[in-house]
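> Residue numbers (the working numbering), protein chains in the order written: chain A, 12 to 76; chain B, 12 to 76; chain C, 12 to 76; chain D, 12 to 76; chain E, 183 to 438; chain F, 183 to 438; chain G, 183 to 438; chain H, 183 to 438.
Incorrect hints may appear among the rest.
[To be verified] With the C-beta cut set under 7 angstroms, the calculated list includes, among others, these residues of chain C facing chain F:
id	residue
1	M12
2	I16
3	N17
4	V33
5	L35
6	A43
7	A49
8	E52
9	F56
10	V69
11	V73
12	G74
Since the hints were derived computationally from the structure, they do not count as laboratory data.
For every residue, glycine included, the Cβ atom is placed at its ideal position computed from N, Cα and C.
Below, each chain spelled out in residue letters.
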Amino acid sequence: MQLVINGQSREVSAESLAELLVELQLDTSHVAVELNQAIVESSQFATTALNENDRLEVIQFVGGG
Amino acid sequence: MQLVINGQSREVSAESLAELLVELQLDTSHVAVELNQAIVESSQFATTALNENDRLEVIQFVGGG
Amino acid sequence: MQLVINGQSREVSAESLAELLVELQLDTSHVAVELNQAIVESSQFATTALNENDRLEVIQFVGGG
Amino acid sequence: MQLVINGQSREVSAESLAELLVELQLDTSHVAVELNQAIVESSQFATTALNENDRLEVIQFVGGG
Amino acid sequence: MDQLIISGRSFNSRLMVGTGKFSSNQAMVASMEASGCEIVTVALRRVDIDNPADSMLAHIDRNRYLLLPNTSGARDAEEAVRLARLSRAAGCEPWVKLEVTPDPYYLLPDPIETLKAAEILVKEGFTVLPYINADPVLAKHLQEAGTATVMPLGAPIGTNKGVRTREQIAIIIEQAIVPVVVDAGLGAPSHAAEAMEMGADAVLVNTALAVARDPGAMGAAFRKGVEAGREAYLAGLGEQRQQAEASSPLTGFLRD
Amino acid sequence: MDQLIISGRSFNSRLMVGTGKFSSNQAMVASMEASGCEIVTVALRRVDIDNPADSMLAHIDRNRYLLLPNTSGARDAEEAVRLARLSRAAGCEPWVKLEVTPDPYYLLPDPIETLKAAEILVKEGFTVLPYINADPVLAKHLQEAGTATVMPLGAPIGTNKGVRTREQIAIIIEQAIVPVVVDAGLGAPSHAAEAMEMGADAVLVNTALAVARDPGAMGAAFRKGVEAGREAYLAGLGEQRQQAEASSPLTGFLRD
Amino acid sequence: MDQLIISGRSFNSRLMVGTGKFSSNQAMVASMEASGCEIVTVALRRVDIDNPADSMLAHIDRNRYLLLPNTSGARDAEEAVRLARLSRAAGCEPWVKLEVTPDPYYLLPDPIETLKAAEILVKEGFTVLPYINADPVLAKHLQEAGTATVMPLGAPIGTNKGVRTREQIAIIIEQAIVPVVVDAGLGAPSHAAEAMEMGADAVLVNTALAVARDPGAMGAAFRKGVEAGREAYLAGLGEQRQQAEASSPLTGFLRD
Amino acid sequence: MDQLIISGRSFNSRLMVGTGKFSSNQAMVASMEASGCEIVTVALRRVDIDNPADSMLAHIDRNRYLLLPNTSGARDAEEAVRLARLSRAAGCEPWVKLEVTPDPYYLLPDPIETLKAAEILVKEGFTVLPYINADPVLAKHLQEAGTATVMPLGAPIGTNKGVRTREQIAIIIEQAIVPVVVDAGLGAPSHAAEAMEMGADAVLVNTALAVARDPGAMGAAFRKGVEAGREAYLAGLGEQRQQAEASSPLTGFLRD
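Construct all of the structure, not just a fragment, from the sequences and the given hints.
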């Protein structure tokens with residue numbers, strides 16, 4: 012299905028957020044996710060279903076002062 | 012009648028604000044007056060009646076930075 | 012005759028310092044002259060004879076702080 | 012005999028510099044002595060005779076920056 | 183000709199003078215006159231009913247000087263607004279030097295309450311000159327709110343320490359779309375000149391004049407200091423250099 | 183009237199101007215005139231025999247300005263003395279700004295050679311104005327040797343850094359028995375004003391004028407800066423204070 | 183033992199380290215370790231989906247260092263709150279270095295939006311460490327809003343200029359009821375020591391470590407600088423004096 | 183390993199300590215020990231014949247500390263030489279901190295007499311460490327005369343004002359061929375660190391330790407300050423920048 016991830020639209024097969032992170036090969040520790048502007052707690056990744064045209068932000072920590 | 016002027020209560024005979032300022036021998040130019048917390052424009056001094064226990068603030072300019 | 016003027020050797024026909032300054036087309040006001048390391052007062056320019064291989068410094072004022 | 016020690020005149024019985032320092036009960040280590048303006052090395056204290064009206068400076072170290 | 187323009191009004195002088203703390207009205211007037219100022223600040227206070235002094239305004243030529251009432255004493259936006267309205271009621275034009283200083287000790291301005299008061303007073307038609315800490319972002323908020331100037335402090339009021347907030351004021355000036363008036367802490371003409379050399383549009387001085395041994399002469403000195411700094415700014419100052427540079431030609435005759 | 187007196191000669195202006203590094207004689211003259219200076223420094227150099235330029239002196243009104251030849255380029259006392267004598271032979275009065283700067287990079291003065299040269303030149307009847315590091319003890323030695331002033335540096339020549347030697351110059355001023363002229367490093371009118379507020383008797387400026395975008399206007403700016411500082415010094419500046427002090431009366435009506 | 187306590191949590195180190203701008207994770211870790219810090223700041227950014235880098239967190243021992251996420255990039259309160267919540271969702275404790283910097287050029291903090299965000303985040307249970315201009319009145323508002331510290335800037339981020347806001351920071355420290363952490367602009371150990379000698383409770387350093395030729399060695403140097411300043415503050419520094427005072431006894435024998 | 187080498191002798195510590203003005207020998211020793219210093223200065227004075235005190239040297243471990251006698255009190259070269267010779271006669275090694283301070287008020291050094299004394303003492307085999315004003319040219323003369331270091335002052339003795347002569351000391355350091363020891367006026371560890379960051383080889387501190395509420399703790403603080411400054415110098419400090427530079431990455435997700 013078609014999602015917009017971090018501003019780019021992308022075709023994915025994952026149906027849940029957890030599956031998506033695996034598909035994207037992302038280390039799920041220390042990433043934060045906004046689904047359609049709402050934060051999804053990591054405990055909910057597995058049970059969070061994705062729908063056509065969902066907008067996701069996948070965020071991680073980087074060096075900062 | 013009894014008024015509270017600049018925080019002190021005082022017995023006066025004036026019945027209007029204009030009369031009061033004369034009674035107090037105040038130069039009416041450049042003074043500002045609050046009657047019961049409301050500003051009275053100088054044009055209204057003559058027509059502003061005073062009532063028992065009115066609270067007045069009579070203000071003037073002084074040196075300031 | 013041959014002189015060394017301001018570090019350069021030079022053939023001149025002048026026989027006195029005064030003549031030399033004329034020959035060099037120098038404004039004699041405000042120049043100072045050293046002849047063989049000794050200062051020559053401007054009053055002495057006319058009477059100061061030049062000799063072969065004399066070393067002269069001809070100095071003037073410039074902008075300075 | 013009469014000496015001037017550090018600016019004060021003083022009657023002493025010592026006849027050598029070494030004896031004087033003992034008489035004054037001074038720890039001879041780390042003191043320096045000038046006898047009539049001339050420095051006396053500590054090795055010479057014992058053999059340095061004193062004479063009437065000699066002027067001595069007896070100096071020691073103190074705290075300093 | 184080089185003029186200071188504040189909300190459409192032109193001034194020849196870039197030195198504003200405060201009228202507080204002078205030993206006498208005579209000293210105050212002498213200092214004002216010598217300073218060449220065209221704007222003078224005043225404060226509001228209760229009349230002493232029992233022995234009303236003649237107003238100090240009697241000593242100030244209103245044709246020569248624009249009165250700029252301040253809101254000194256206000257500890258929050260509400261008090262400041264109340265004072266501004268009273269000033270207008272007392273016959274002043276609707277100009278106000280907005281001061282909100284909750285701390286009676288250092289008299290430093292409150293950024294939150296100052297912005298709040300500025301928004302209200304601008305809506306009511308006041309020409310607002312806010313006294314602020316040297317905070318470039320706050321200065322932007324105030325300009326967006328419609329203030330006529332910003333007045334960042336050089337150092338706390340009355341300390342005479344000069345432009346101790348140099349770094350921040352430089353940024354405020356660089357980003358300003360209204361005149362920047364450096365206020366508070368300027369204790370000597372060199373301080374005023376420094377602010378003007380940095381590109382400030384004007385300065386406000388009070389304590390340094392009032393406490394001078396000769397307030398009149400000090401007014402003249404500050405006038406020259408402000409003009410010197412402004413003229414130097416316009417004439418284009420050179421850069422600071424790390425290495426010395428000879429001001430005399432070094433080539434010469436001494437060593438050949 | 184407040185005058186600067188150097189070895190018996192009175193001057194109305196406390197600003198001395200150097201004539202080096204100007205882009206043109208016109209710019210130099212414009213700056214000199216606007217500055218109001220009465221003393222201008224000049225340097226000595228070999229005439230270029232092959233194409234002798236007209237002397238810059240042609241542009242300087244000797245009735246208006248006292249020429250103060252410097253000894254720039256001298257690296258020791260002997261060279262400095264030689265230059266001073268040449269200046270006199272070239273028709274200048276026996277005044278000399280004594281500079282001995284062995285280091286061509288920072289052009290800092292040599293205390294040892296400067297004192298040596300000063301002693302010789304004083305004996306020869308010169309009025310000696312020595313350029314020195316801000317060294318109070320050296321300043322005393324020079325005064326005892328009979329110099330007409332001392333000229334401590336504010337910062338290395340041409341750096342425009344201002345009065346970086348403030349602590350030491352304050353001591354020199356406090357102890358001086360001749361005029362103290364702050365020389366070198368003054369890059370803006372505020373710097374000149376600061377030196378004068380400290381009690382300096384005069385300042386010398388060159389680079390800041392020569393490198394200004396508009397040397398004429400900068401000359402006027404420095405004139406005002408120097409006058410501002412001097413007038414403030416005479417008018418009695420207030421102290422710096424650690425705590426703020428209200429310039430508006432705080433007692434009031436807002437909170438009772 | 184002298185400990186820093188922030189909202190009930192104790193720290194032995196008074197040096198916080200930022201993790202930005204290091205040339206490598208190795209350099210970052212070397213600097214952190216040598217600095218002895220116990221709190222390190224981090225920022226949030228989008229994962230690059232197309233080639234996900236391994237998280238820098240992999241290099242940081244969470245048992246040794248408390249992660250302090252900042253809200254850098256936020257231009258208003260809403261963005262800052264959103265970033266703080268994301269940090270918590272990403273598994274950090276609810277601590278946040280609150281930064282709201284609308285101006286991308288000087289990155290100076292916004293007093294209005296910072297206070298607004300602080301009020302929201304405190305209500306949501308965050309331990310809030312706000313980065314602010316050196317504004318004593320704003321600092322009070324934030325403390326009243328319940329922030330765990332205030333973090334006034336010494337100079338704009340990354341300038342290495344040191345404590346240029348000295349006057350204001352001294353007032354903030356004097357009036358503070360929570361730890362004062364001087365942040366931004368500290369470019370050398372002497373700057374950090376100066377802040378601590380003034381009575382600051384801690385400092386935060388990033389750029390000076392990241393741009394050092396040897397970030398590890400610089401971390402050790404800053405550690406000593408911070409400790410030196412703190413220890414000197416506790417040991418009671420002497421006053422500055424105007425006059426010299428001999429450190430050697432002057433009475434003597436030389437002249438009688 | 184990073185060592186300080188003075189005339190062929192190596193030292194691990196770059197902090198020299200003066201022994202004057204301590205409230206007790208115990209306080210002095212505590213401060214010396216905590217400071218890690220290896221060189222301590224002492225002065226000479228007449229014994230009080232009528233009640234000879236035990237020598238303070240009894241408290242100083244000569245195996246641990248090199249005694250560096252100063253010539254404090256000397257007003258000219260002759261007196262300084264006399265004191266140096268007495269120190270040697272009193273059993274010290276021929277090292278001397280050369281001080282010639284004719285002015286009893288500010289205790290500033292005399293450049294002329296100091297150079298004169300240095301030339302004599304070097305010839306007599308002394309290792310000479312001259313205390314001087316921050317005068318780069320004088321520093322060169324002394325090095326040419328064979329002194330083992332130069333010791334420029336940061337500010338007048340005992341003022342605790344820090345490195346007020348920064349510009350000049352930077353030049354001395356740049357040009358030095360012997361160790362540069364910043365002496366006098368260093369009132370806090372941040373001052374010592376600043377001097378070391380500039381590249382000074384060592385510092386000498388006395389008053390700041392002696393007048394501290396806790397001289398022992400202050401000794402430890404200065405030790406760290408000196409080490410911090412030295413280590414930062416070796417680790418390569420970054421430049422000061424005019425514009426802010428983000429220490430957090432600004433690209434992000436907030437606004438697209």
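> Does the structure break any of the earlier hints, and which numbers would those be?
Numbers 1, 4, 7, 9, in rising order.
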